[in-house]
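Listed below, chain by chain, are the residues.
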Amino acid sequence: MEKRRPLHTAIMAASILMAVSLSAYADSSLSFQGIDVPATDAQKRSVTVTDKVIINGKSYPVSYHTIMRSGDKPGKHSQPFGQIYDKNGNPVVRPDGSAFISSDNDFSSLLTGKDKKMYMVSHFESVPAAMYITQLAQDKKGNLKAAETRHIDFSGVEGGWVHCAGSVTPWGTHLGSEEYEPNAKAVDPVTGKFNDEYDNKMALYYGLDPDSKEAGYFSKLNVYNYGWQTEVAVKDFKNVKVAKHYAMGRVAHELGYVMPDKKTVYISDDGTNVGMFRFVADKAGDLSSGELFAAKWHQTDSENGGSAIIGWISLGHATDAEIKPFIENHTKFSDIFEEVELKDNAACPADFKEINTTWGHECLKVKPGMELAASRLEARRYAAMKGATTEFRKMEGLTFDPATKTLYMSISEIGKGMEDGGKYDAGTENDIHVSKNTCGGVYAIQLNDNYAAESMSGEVIGIPLSKDYGAEEERTYWTGGPYANNKCDLNGIANPDNITFMPKYNTLIIGEDSGDGHENDAIWSYNVKTKKLTRILATPYGSETTSLYYYPDYHGHGYIMAVVQHPYGEPTTNMPQPYTNSDKRAYTGYIGPFPAMSK
Amino acid sequence: MNSKKLTASAIALFSCAAAFASGLPLTSKTLINRAAYIPPQCYTVIKDKDGAKHNPCYTCHRDSVEPNYNKDAKLQTDYSFPEYAMTNRWTNLFKDRTGDIADQSDKQILEYVRQDNYKDVHGGLILAEKLKQVPDEWDFNHDGKWRGYVPDCYFNIDGDGFDHDTKGGYTLWRAFAYAPFPGAFWPANGSADDVLIRLWRPFALDENGRFSLQVYKINLAITETLIKRTDTAISSVDEKTFGVDLNADGRLDTADRVAYSWAPRKGLHMSYVGMAKTLLKKGKIHLAAGLFPENTEFLHSVRYLDVDANGVVMGKRMKELRYAKKTDWYTYSALDRLAYAEKKEKHDFPDRLSAFYGDIEHGLGNGQGWTYQGFIEDKDGGLRPQTYEETVYCMGCHSGLGATDDGIVSFNRKYGKEAKNGGWYHWSQKGFKDTPEQMKDYDGKGMRPEYTAYLENNGAGDEFRGNTEIISAFFDADGKLRPEKINALHSDISVLLLPSITRALALDKAYRAVVREQSYIYGRDAVISPPQNVYKEIPAAYR
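So the sequence lines, in the order shown, correspond to chains L and C.
1 is the number of the first residue of the first sequence in the working numbering; add one for each residue after it.
1 is the number of the first residue of the second sequence in the working numbering; add one for each residue after it.
Misleading hints may appear alongside valid ones.
[Claimed, not checked] Mimicking DSS-like on lysine-lysine, the simulated pairs with C-alpha atoms at most 27 Å apart in a straight line are:
1) C/Lys485 <-> C/Lys430
2) C/Lys282 <-> L/Lys76
3) L/Lys343 <-> C/Lys430
[Claimed, not checked] Calculated from the model, a selection of chain C residues having no Cβ within reach of chain L, i.e. all distances over 10 Å:
4) Tyr84
5) Glu111
6) Leu127
7) Asn141
8) Phe185
9) Val307
10) Thr331
11) Ser333
12) Asp336
13) Lys343
14) Lys344
15) His347
16) His490
Keep in mind the hints are simulated off the structure, nothing from the lab.
Glycine residues also receive a C-beta, built at the ideal position from the N, C-alpha and C atoms.
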């Protein structure tokens with residue numbers, strides 16, 4: 001019997017963890033003790049986590065530690081972690097007087113400031129979004145605690161938008177994302193309302209009522225301010241610099257991940273009918289200018305999630321400074337593109353280009369002189385017009401193994417544009433034509449010496465059990481048994497989201513964000529050499545773990561940062577049930593601390 | 001034919017062993033229809049073959065008002081279901097019940113619907129008694145205790161809408177009359193309903209902790225004011241007694257109304273009275289427009305149709321008893337965040353189905369502070385708790401719907417001062433007869449007679465346009481509304497809402513067939529013959 005430790009026990013008893021620091025071993029090996037699939041109702045309602053990891057032959061206890069939960073004020077001068085502020089630095093307050101405190105904690109980086117102190121920059125993926133800077137304290141055992149936290153002022157870049165995953169650049173800055181850029185074409189021409197998925201909530205950043213119907217009321221709002229890679233440089237707790245890199249293109253940035261050359265950045269684009277992007281900076285360590293490329297998938301095999309030769313299509317060169325004026329001058333979608341509506345099977349004229357992206361099947365032409373604006377403000381549409389592949393679905397985490405020059409990318413569902421035909425392929429070249437697999441998969445992308453991807457293939461692919469998930473035959477678990485609510489095989493992954501590679505240990509850590517695929521989301525350890533998958537953590541039904549990120553040696557200790565979102569949603573004993581707000585606050589924390597690991 | 005018979009008897013045998021149609025134990029959390037939260041009405045065909053459009057959807061899906069952030073008006077025109085739900089799994093809709101109806105005589109069904117399955121001959125509550133020693137097949141955690149709602153309403157309603165127990169004491173349940181929701185909820189389409197509200201006990205106590213009916217009535221009026229966002233008439237009271245400026249005229253004087261005067265950011269505050277006022281000050285409970293205070297409860301019985309000398313009336317027998325309790329407070333910000341999370345999930349994973357927490361014993365949470373639980377007839381007609389799946393059926397309408405106020409549909413539809421006793425009465429005390437049609441504004445498009453507008457928009461009196469009785473009565477051969485019927489409707493909703501006696505009994509018989517099969521998970525609508533205007537499969541054009 002493997003032991004299980006519920007999350008709350010782990011949190012309450014942080015001190016039970018006896019971390020041992022040690023220097024790197026030459027023969028780096030790592031294995032986690034696996035855990036069982038939660039089977040009883042009680043197990044399904046708690047976090048279960050492996051209790052040990054064996055590093056270089058020596059066993060270490062493992063648990064999850066909370067640094068902060070949304071709403072926490074760790075120090076005297078702290079702001080509530082996750083509270084959303086408007087452009088003037090005032091808290092966003094709703095008509096009932098309630099403050100907007102986001103519980104959508106996402107990626108948190110561990111950084112060292114120019115003052116050599118320890119900091120964490122944390123994402124909140126809401127609209128308006130926020131990033132928080134937290135000063136950390138580390139004890140001798142490696143436990144991290146928050147000392148002070150405050151929101152980072154984004155007024156210079158007109159606020160933040162759905163900050164999702166992120167990474168730490170080789171030069172020590174935080175590279176954050178803005179996911180699901182609002183569709184510029186949908187903006188109401190009279191009011192300026194975004195008409196986005198989130199009901200125009202960006203208005204709150206400007207102290208405006210999102211529901212106003214007054215003409216010109218939203219003139220301060222501009223869709224093209226959102227959907228960028230955002231770099232955050234920390235000097236000290238008070239001095240934090242924010243830059244949106246317009247040169248890197250505007251898409252649904254899940255994540256930008258910088259290669260060891262300090263120039264090449266891979267960008268995963270999240271959503272339906274999306275592309276894969278590569279930015280190559282002119283100067284190492286400076287992301288403000290460079291050339292942007294979009295991938296072309298030349299399929300070689302349709303099995304196991306598909307394999308392809310990857311070609312690259314240049315979208316041209318740009319600098320932040322060149323693009324910024326287009327935004328400041330309130331360039332509109334209709335300034336960039338001419339469009340012919342494809343109603344009732346109308347044909348797309350020859351001098352136009354038929355595309356299919358997140359925003360559907362369109363027929364567009366770039367207006368004269370607007371190529372540069374199109375290449376960055378509308379990078380995905382422009383990439384599609386240039387012939388790049390925009391048939392990918394739900395690109396998520398990226399991580400890199402420098403030893404084998406392999407980039408790993410998770411695609412949390414293989415479907416829609418990736419399938420062969422259907423409405424998502426209308427207007428495309430049907431580059432990707434693989435079988436639907438709603439369980440998703442992690443792909444391995446082989447890079448050349450210049451860090452340009454050359455090929456891509458499925459590495460760890462989930463196994464669907466039901467037809468609606470892509471199984472050829474219905475072979476779901478027995479409806480009367482404990483596993484009935486899992487549509488993906490429990491011995492495989494379901495809907496991989498954030499991933500992180502542990503270099504030298506050949507270990508890929510895979511986090512799930514699943515619905516019906518796996519009833520309880522899991523975190524897996526996957527050995528890329530032996531291909532062995534080990535389940536190391538399972539979250540309660542309805543909650544999930546995001547933002548996995550590995551730090552082999554952060555001030556003398558190793559950590560895997562992780563966020564647990566909306567835990568303990570399940571009722572427990574008596575009515576009234578404990579559906580309290582506090583129960584739903586997310587946890588930002590880490591698995592560890594580990595000894596400092598070989599880098 | 002043979003194989004058909006075999007299948008039927010096999011099902012019957014199976015039912016005996018496993019209590020309901022899925023074959024699973026009642027305590028199971030396994031869903032046979034994973035999209036059970038999407039009700040059958042969502043599969044309505046909204047465009048005829050000749051291109052005519054029908055919109056019964058706007059009543060539920062609306063450009064909602066803060067703090068209902070589930071603005072879902074666009075669902076009026078699309079079927080943006082997860083792929084799994086593109087197949088209509090409410091297969092009972094497609095069963096022809098003509099045979100089942102013919103098998104039951106009018107006498108038999110009337111005997112059945114007149115039988116009380118809620119109260120025994122001594123006025124005791126059958127279900128409450130049974131739950132004292134909970135049957136193991138209802139007991140989710142098998143600990144011998146029932147931890148869900150125990151029915152405690154006696155339906156002994158006084159002239160002021162208040163319920164009394166067998167000793168005459170107040171149960172604090174208060175019945176109210178409301179404009180029945182357009183479509184499926186009208187008796188003409190299957191069932192009679194009633195709704196009662198109960199505030200938490202401190203709302204019925206004065207500041208010294210003594211029971212005060214006056215305090216309770218004022219607090220109910222304050223709740224009504226906050227939900228409707230408009231003034232509510234009350235019997236004249238001296239505000240000094242309560243220390244609350246109820247009419248918001250800036251001084252403590254005599255008030256004959258509770259004024260809607262709430263905008264905390266502009267310095268306009270309201271307060272409950274009595275003990276609730278103290279609790280509000282201490283932050284133990286909360287107050288905001290559009291939201292009910294903590295521990296508010298609703299009880300909603302769904303009943304068969306009976307017939308008396310005056311025509312069709314509410315039957316004694318309950319088809320269902322539905323219960324809701326607000327167990328937690330969510331601020332506007334918190335509700336906004338939840339709606340955002342829902343939208344983001346739908347955007348990220350459009351094919352992912354919604355999940356609901358709970359089980360047969362504890363009920364299901366809507367994730368926004370409310371718990372819902374229901375009781376439904378077993379195959380012999382006794383009430384039993386609804387299974388997890390049967391309760392998921394309730395959740396679609398009570399979680400992310402534009403039409404609700406704090407997850408509740410009925411209270412904003414409560415009749416006000418123009419009605420008998422300010423709308424505080426039970427339908428058994430006054431039926432629909434001579435009740436005027438209410439005016440209602442949908443999405444800021446202006447006040448209109450609500451049912452007339454519904455008939456116009458929908459071209460029928462039910463979602464599936466299967467109620468031919470209404471169609472032939474209210475529409476002429478060209479599909480135009482008959483002015484004389486509409487005129488009659490304006491002053492008397494019974495002309496529309498009540499079916500003929502023949503139809504009423506057929507609806508009862510058809511539903512009883514579902515009860516016998518215990519096949520609620522395949523649909524619990526009373527279907528006489530399969531409706532034509534409902535998709536079995538959403539067509540490709542909409543996907």
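Hints versus structure:
Between C/Lys485 and C/Lys430 the CA atoms are separated by roughly 22 Å; this keeps the pair inside 27 Å, and the hint holds. For the proposed pair C/Lys282 and L/Lys76, the alpha carbon gap of about 25 Å is at most 27 Å, so the pair holds. Using a Cα cut-off of 27 Å, the hinted pair L/Lys343 and C/Lys430 is violated, with the two alpha carbons roughly 54 Å apart. Chain L draws C/Tyr84 into its interface by the beta-carbon criterion, the shortest separation being 5 Å against a cut-off of 10 Å.
With a minimum CB-CB distance of about 36 Å to chain L, C/Glu111 clears the 10 Å threshold, and the non-interface call stands. For C/Leu127, the requirement that its beta carbon stay farther than 10 Å from each beta carbon of chain L is met, with the minimum near 16 Å. Its beta-carbon lying about 8 Å from the closest one in chain L, C/Asn141 breaks the requirement of being farther than 10 Å from that chain. At the 10 Å boundary, the C-beta of C/Phe185 stays outside the reach of chain L, the nearest C-beta of that chain being 26 Å off.
No Cβ of chain L approaches the Cβ of C/Val307 within 10 Å, the least distance being about 38 Å, so the stated non-interface status holds. With a cut of 10 Å on Cβ distances, C/Thr331 falls inside the contact zone with chain L, its closest approach being about 3 Å. Interface exclusion of C/Ser333 from chain L breaks down, the closest Cβ pair being 4 Å apart, not more than 10 Å. In this structure C/Asp336 is not separated from chain L by more than 10 Å, as the shortest Cβ-Cβ distance comes to only about 7 Å.
Non-interface status of C/Lys343 relative to chain L is broken: a Cβ of that chain comes within 10 Å, the nearest being about 6 Å off. A Cβ of chain L approaches the Cβ of C/Lys344 within 10 Å, the least distance being about 7 Å, so the stated non-interface status is violated. The claim that C/His347 is not at the interface with chain L is violated, since a C-beta of that chain comes within 10 Å of its own (minimum 5 Å). Listed as a non-interface residue, C/His490 keeps its Cβ farther than 10 Å from every Cβ of chain L; the least gap is roughly 31 Å.
Of the numbered hints listed earlier, those contradicted by the structure are 3, 4, 7, 10, 11, 12, 13, 14 and 15.
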